[in-house]
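So you can see what is in the structure, the chains are spelled out below.
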Amino acid sequence: MAALAGLTALAFFASASLRPHDAPALELRPALLPAYLALSLLRLAAAYALALLAALAIGHAAARSVAARRVILPVLDVLQSVPILGFFPVAVAFFIRVTAGSALGVEAAAVFLIFTCMFWNLAFGVYESLATLPEDIALAARQLGLRGASRWSRLVLPAVFPNLVYNSLLSWANGFYFLIASEIIAVGPARYTLPGLGSYLAQSVVAGRYEQTAAALLCLVAVTAAMHLLVWGPLETYAERFHFDESGDRPQVPRVARVLMRSRLVRALIGRVVVPGSEAAFRFAGRALDAVASRRALQAVLVLPLVALGVLAARHAWRTFAEAPLSPALAGLPVDLVLSLLRVGFGVGASALLAVPLAALVASRPAWRGPSLAVIQIAASVPAAAFFPLIVALVARGLGLEGAALLLSLTTMFWYVLFNVMGAAAAIPREMNEAARSLGLSRLGRLRHVFLPAVLPGLVTGCLTAWGAGWNAMILCEYLVVDGRTYAVRGIGAALDRATYETADPQVIAASLALMIAMIVGVNRAFWAPLYQRVTTRYKLDA
Amino acid sequence: MSGTTDADVLLRVRQVEQFYDRRIRILGPVDLDVRDGEFLSLVGPSGCGKSTLLRIVAGLLEPTAGRIDVGGVALAGVNRQAAMVFQSFALFPWMSVVENVALGLEARGMAPLERLKRAEKYIDLVGLSGYERAFPKELSRGMKQLVGLARALALEPELLCMDEPFSALDVLTARAMRDLVLDLWKSPEVKTKSILLVTHSIEEAVALSDRVVVLRANPGRIAEVVDLADLPRPRRPGAAAVSEVVDRMYGLLA
Ligand SMILES: Nc1ncnc2c1ncn2[C@@H]1O[C@H](COP(=O)(O)OP(=O)(O)OP(=O)(O)O)[C@@H](O)[C@H]1O
Ligand SMILES: [Mg+2]
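Protein sequence lines correspond, in order, to chains E and B.
Numbering-wise, the first sequence is residues 1 to 543 according to my numbering.
Numbering-wise, the second sequence is residues 1 to 254 according to my numbering.
Incorrect hints may have been included.
Claimed, not checked - Chain E residues, not near chain B, derived (Cβ > 10 angstroms throughout):
no. : residue
1   : L39
2   : Y48
3   : I137
4   : L146
5   : T193
6   : A331
7   : R397
8   : V481
9   : A504
What the hints assert, rightly or not - Listed next, with one range per pair, are the computed distances between beta-carbon atoms:
no. : chain 1 : residue 1 : chain 2 : residue 2 : range
10  : B       : G127      : E       : R283      : 28 to 36 angstroms
11  : E       : P366      : B       : G127      : 39 to 47 angstroms
12  : B       : V225      : E       : L73       : 40 to 48 angstroms
13  : E       : R534      : B       : P234      : 53 to 61 angstroms
14  : E       : A367      : B       : G127      : 38 to 46 angstroms
15  : E       : A222      : B       : K121      : 50 to 58 angstroms
16  : B       : K191      : E       : L73       : 44 to 52 angstroms
17  : B       : A239      : E       : G445      : 54 to 62 angstroms
18  : B       : L113      : E       : R534      : 55 to 63 angstroms
19  : E       : G148      : B       : K191      : 24 to 32 angstroms
20  : B       : K121      : E       : L269      : 30 to 38 angstroms
As the list claims (entries may be wrong) - Just a sample of chain B residues kept apart from chain E, beta carbon distances all over 10 angstroms, derived:
no. : residue
21  : L32
22  : E189
23  : A239
24  : A241
Keep in mind the hints are simulated off the structure, nothing from the lab.
Glycine included, C-beta positions come from ideal geometry on N, C-alpha and C.
Generate the whole structure from the sequences, applying the supplied hints.
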């Protein structure tokens, strides 16, 4: 916790000393879109590779040793509840200062930002699937003498593979979602813009050139769809061989690529190239991971800078408050926090109320499931900024600013709930539905006695995720700049934005972040964790 | 039990104890010799520590106190002289039958061709030839356990450890597998000398064993060692001599 407060504090000391810098405007010719897209994809890929490596090393260490687990799990738990956008000023200031504002430093900052939206779920996924590895399998591996590289390639990687595929998909969706924030970097007077799809989208919105926004959006949707078809679908199918027999409620992913698998050419390709290739890849990855992730020294390298950074930053945080008069804006923050809390609460409730009937509808028509899941995942990765023009148009037609902020935050939160409820609905055993029908339960009765109890754990997971995402949404939605005008409502997110972009007030940045983190962690501990515990023990499908 | 010389003993368990949480004793102290060439069974009530003792012997669990001697040397780490068959099969679902069987050999650094040959030999011995490329999901429970057996035997261990290997199988399959294990153990093709079997079925222990170790619970201690070397084989269930021993053992456990 202390290290965290310190980390955030590093920002203001750094931000205060960043020299004003103006980014040259991006050229918005649509012909340049493919190039921008390629640059964004490169950034995403670099961040993903780092996130994957770190997640494997850290998740594995946590599963392997009790001592490591005691440190790693609480740290991950708190860090992942920091609103991702809250990391941004810190990281940016750090990287840009370290590299004296060189292009490389800005790139590194962007990659790091994307890393922070991809890493947490991957690390927890690795830990979870290793912690739930059947005991006899782990024993058998030891008995047979699997060690080092072969243990990685034969046991660890296969065991985490299905979970990694599922979480990688989420990580990429997240990465796309935060692309805008990562490519347009602004702390106080310093502004840097990296050429990419995200900055293109944002600038076209700010400039009010909506036909270019539409072109960029189309690009985004096309890429996401293509990745589903060509990457996630095949990987998901391939991952099926790594599932254990006693499969519980596995996350469900659309199988669009199933169609592709029917083609003889694709199958031959898989038999001749993909399978031997993947085996070689597993062996290679096993050796690489053994060389990197199993080393104590390297694990220390991952942890030590964090600690050092924390200590350093804590010192500066203390100075920020001790050596300057308290900012008058601080007094309003508690009220801001409550207002944002109400908005997030509304968003979670509304998402649940919308998602459950929709999921029930889809569940009653199995043929819709695959396509609708694909649509949801693509829709979920459309950045909120893309909706700005639409929202502004609605504001012009009489939707209040408050309504606009709420609607916009729903576009972030709703998908998490819907996705999780649909996953839970898909895991309802067929026998259960048939039993309910043969008992003569009506449609409504089946909904009440089968569907709702069965999706409850998924609903809680979804709401919990939406709750976390909701605070990010506040940072995005309470303060918009569209077509040269600022639209803002009162809230902690708006306070943070104003302090970051307008007043460069380090005290407000620190205090609003700290308040938000305290609220998120507190409510997680006091409300979501016990609720989740109760719901999963009571409503788990396999007794 | 006197009169056994060092040469007759494959493995010694000496003053072995296991604690849970440093405070709760779940096993021991236990002293036990596994003799060269014998079929030894562990029976006892659920929770008396049979699996715990077996894991300690296989070197998968380090005892809180005491030691295991293998050929006069104190065991440290996994027992390379032993191989294990698990109740839940513990097959790697992402590997084919032949890959599962060859895995331990690969880990021991055997060349690819050689381990393939060895794996195929044992797959053949357990009667699964033709299924080399199948995946565990595609096999029945009985076949899965055959793969588990072949995987253990392929290591050519001196001691084969089995933890309730037949209790997840139906009665007929279990009986066929018991006969198979006896046949393989006697066969000159298989190098395994001794078998240590954990079971909760007294009938099974009597049908198979040279000696039966009866454990009692809280903490797990040896209550009695019953020598069945003189009971003639094959031991048909229901035969008068067999029933008499079975009844006597039920008496011991009651
Ligand atoms: N990780 C653990 N934590 C706490 N107690 C344990 C743990 N592992 C084993 N025990 C206890 O140790 C005792 C012995 O367990 P073990 O599995 O060896 O018994 P068993 O004789 O094989 O039982 P069963 O016939 O049910 O398989 C049990 O009472 C069990 O509760
Ligand atoms: Mg047991």
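Quick rundown of the hints versus the structure:
1. L39: 37 angstroms, holds
2. Y48: Holds: least Cβ distance 23 angstroms, greater than 10 angstroms.
3. I137: It is violated; I137 (chain E) is separated from chain B by about 5 angstroms at its closest Cβ, not greater than 10 angstroms.
4. L146: Label violated. Min Cβ-Cβ 5 angstroms, cutoff 10 angstroms.
5. T193: T193 (chain E) clear of chain B: closest Cβ-Cβ about 45 angstroms, beyond 10 angstroms.
6. A331: 52 angstroms, holds
7. R397: Correct as stated: the minimum Cβ-Cβ distance to chain B is 56 angstroms, above 10 angstroms.
8. V481: 50 angstroms, holds
9. A504: 53 angstroms, holds
10. B:G127 - E:R283: 28 to 36 angstroms: 31 angstroms, holds
11. E:P366 - B:G127: 39 to 47 angstroms: Cβ of P366 (chain E) to Cβ of G127 (chain B): about 41 angstroms, so the range 39 to 47 angstroms holds.
12. B:V225 - E:L73: 40 to 48 angstroms: 46 angstroms, holds
13. E:R534 - B:P234: 53 to 61 angstroms: 56 angstroms, holds
14. E:A367 - B:G127: 38 to 46 angstroms: 44 angstroms, holds
15. E:A222 - B:K121: 50 to 58 angstroms: 54 angstroms, holds
16. B:K191 - E:L73: 44 to 52 angstroms: 46 angstroms, holds
17. B:A239 - E:G445: 54 to 62 angstroms: 58 angstroms, holds
18. B:L113 - E:R534: 55 to 63 angstroms: 56 angstroms, holds
19. E:G148 - B:K191: 24 to 32 angstroms: At 27 angstroms between Cβs, range holds.
20. B:K121 - E:L269: 30 to 38 angstroms: 34 angstroms, holds
21. L32: 20 angstroms, holds
22. E189: 21 angstroms, holds
23. A239: Answer for A239 (chain B): holds, closest chain E Cβ roughly 35 angstroms.
24. A241: 36 angstroms, holds
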